[in-house]
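Residue numbers (this note's numbering), protein chains in the order written: chain A, 1 to 277; chain B, 1 to 277.
Any given hint could turn out to be false.
Copies of the same chain look alike in the list, so a pair counts if it works inside one copy or between any two.
SDA-like mimics (lysine to any residue), calculated; alpha carbons at most 25 Å apart, straight line [claimed, not checked]:
#: 1; residue 1: Lys200; residue 2: Pro219
#: 2; residue 1: Lys223; residue 2: Ser195
#: 3; residue 1: Lys223; residue 2: Asn43
#: 4; residue 1: Lys200; residue 2: Asn43
#: 5; residue 1: Lys200; residue 2: Val52
#: 6; residue 1: Lys217; residue 2: Ile39
#: 7; residue 1: Lys230; residue 2: Asn43
#: 8; residue 1: Lys200; residue 2: Asp102
#: 9; residue 1: Lys217; residue 2: Gln270
#: 10; residue 1: Lys230; residue 2: Pro59
#: 11; residue 1: Lys274; residue 2: Asp57
#: 12; residue 1: Lys180; residue 2: Asp239
#: 13; residue 1: Lys180; residue 2: Phe234
#: 14; residue 1: Lys200; residue 2: His256
#: 15; residue 1: Lys208; residue 2: Thr260
#: 16; residue 1: Lys200; residue 2: Leu161
#: 17; residue 1: Lys200; residue 2: Asn269
#: 18; residue 1: Lys180; residue 2: His256
#: 19; residue 1: Lys208; residue 2: Lys230
#: 20; residue 1: Lys190; residue 2: Gly221
These are calculated hints, taken from the structure and not from any lab test.
2 protein chains.
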Amino acid sequence: MNLNPDPKKTNNLLISQPMIERPLILISNDDGITAPGIIALVNAVKDLGEVVVVAPDSPQSGMGHAVTITRPLRLDQTKLYGEIISYQCSGTPADCVKLAVDKVLHRKPDLLLSGINHGSNSSINVLYSGTMSAAMEGAIEGIPAAGFSLCDFSYEANFMLAAKIAREVAINIINNGLPKGVLLNVNIPKTDAASFKGTKVCRQALAKWEEEFDERKDPNGRKYYWLSGKFVNFDNGNDTDEWALSNNFASIVPVHFDLTAHNAIAYLNQWNIKHED
Amino acid sequence: MNLNPDPKKTNNLLISQPMIERPLILISNDDGITAPGIIALVNAVKDLGEVVVVAPDSPQSGMGHAVTITRPLRLDQTKLYGEIISYQCSGTPADCVKLAVDKVLHRKPDLLLSGINHGSNSSINVLYSGTMSAAMEGAIEGIPAAGFSLCDFSYEANFMLAAKIAREVAINIINNGLPKGVLLNVNIPKTDAASFKGTKVCRQALAKWEEEFDERKDPNGRKYYWLSGKFVNFDNGNDTDEWALSNNFASIVPVHFDLTAHNAIAYLNQWNIKHED
């Protein structure tokens, strides 16, 4: 199942080389090293290569692409995963990946998998997601990478289907490679195997959170706020991740880290920005 | 100077409408509400509309697009800016924007300006930058937004040129609008007015940080790590922000929040992802 595609057929993207027989697989997440989702991911792929886990020592949800530059980081080996080497880190998911490459693996892994997140990271959540920031950090480093999220926030969520999809995606990356600079944002619906329709390659839906801050008073009478809100999808397309998930497909969105809005450059070049008095 | 462009001439982008006479301008940053850079920005634009400042109560550099969901937020009015309404917030730059819209302004501002950051946010730094995450949060909310950064980390940096550019960019946004979903990442080189060449609309350069963790031991003999590193530019293009900045231009990169790697979708559709036993 090695597609080994001709770069010319894929819009001149360079495809990363299919990998060595027993790849070195780095696994991280944002829910913390003890979360059921990362345990499910490790178990799903541990026979595909040499697995090493470097993950936060506490939950880091909503950390976006944060990195820790104002305080030092701790990195401690654990025995949580038996024979599989594992470290917990006091930093963010992006810190975990940076430290893993530099201080644990001493080389780039052949594959980086992040998750399985407890809760959706579809659509605009890709920006807020610590799970995806670990995968993004991998892609920036030139490591084939994917993040996995199950659309179920519950601690008791059933990761069976998500683990199966994660394994299949990992096998495809190992066998086929990924286009240079591209990582995958994979979301799995909360559904059972019987209702599940399969995977669908999608674009990121245009959607956002409508904030509702819960205003409260502390015992001293001072106000404080809890961030909450509801997710609103403005996108009617049937090629989006939101459409796929609400129709019982797992969504696979190829993501890149070039944030340039290339088609706005011509417009901005019409502007007249003075800089001399 | 109202270009009021025909959407058809700008790749079918919808251009946000040119604004009302006295726009409501929200200002935030990531260096904190007392930083010289945000003071310079407020002073540069305060006559262009009604300015309101909502910024972090402490430095938030490197926070990426983090949002605070595991602890409550504080929001307190300050008198730091005289007659200009200002609030300090215990959260991240993205939190500041969300709280400002919901609890201070009670409506979307007409313009969101973030910065002026102490240090560059060019190229890949757009992902790690709290300054840019405030602007990004604005764009997600449909607010015309721009982030400004001076390529000088010093607390004593001279913000004169950067403030002038920020003002000119703000005037252009007010008069012309921005394409829908597009924000601006504006970086100003550390140079004097005589050597400065003007502004240049650019794409994000392909560059990254090569990490070097500084390994130390605490007084108890336990290891800890400081994140440091050097910035490496792999991009030879003369249309990038890195090229502009190293040639004494200020760089203006249009940025969007659709992270989909659209040209990888066809390739991924060739994959065979099994989901049935």
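A quick look at each hint next to the structure:
1. Lys200 to Pro219: The answer is neither: 50 Å in one copy and 53 Å across copies each exceed 25 Å.
2. Lys223 to Ser195: Answer is neither: 46 Å inside a copy and 50 Å across each miss the 25 Å cutoff.
3. Lys223 to Asn43: For lysine 223 and asparagine 43, the Cα distance exceeds 25 Å both inside one copy (45 Å) and across copies (30 Å).
4. Lys200 to Asn43: within (24 Å within a copy, 50 Å between copies)
5. Lys200 to Val52: Neither: 29 Å inside a copy, 44 Å across copies.
6. Lys217 to Ile39: Neither. Shortest intra-copy (39 Å) and inter-copy (31 Å) distances fail the 25 Å Cα cut-off.
7. Lys230 to Asn43: Close neither inside one copy (33 Å) nor across copies (36 Å); limit 25 Å.
8. Lys200 to Asp102: Close neither inside one copy (35 Å) nor across copies (36 Å); limit 25 Å.
9. Lys217 to Gln270: neither (50 Å within a copy, 55 Å between copies)
10. Lys230 to Pro59: Within one copy only: 22 Å inside a chain, 29 Å across chains, cut-off 25 Å.
11. Lys274 to Asp57: Result: close neither inside a copy nor across copies, 50 Å intra and 33 Å inter.
12. Lys180 to Asp239: Both: 23 Å inside a chain and 21 Å across chains, each within 25 Å.
13. Lys180 to Phe234: between (30 Å within a copy, 14 Å between copies)
14. Lys200 to His256: both (18 Å within a copy, 24 Å between copies)
15. Lys208 to Thr260: Both: 20 Å inside a copy, 16 Å across copies.
16. Lys200 to Leu161: Intra 15 Å, inter 49 Å, cutoff 25 Å: intra-copy only.
17. Lys200 to Asn269: between (38 Å within a copy, 8 Å between copies)
18. Lys180 to His256: Both, since 9 Å and 20 Å are each at most 25 Å.
19. Lys208 to Lys230: within (8 Å within a copy, 35 Å between copies)
20. Lys190 to Gly221: neither (41 Å within a copy, 47 Å between copies)
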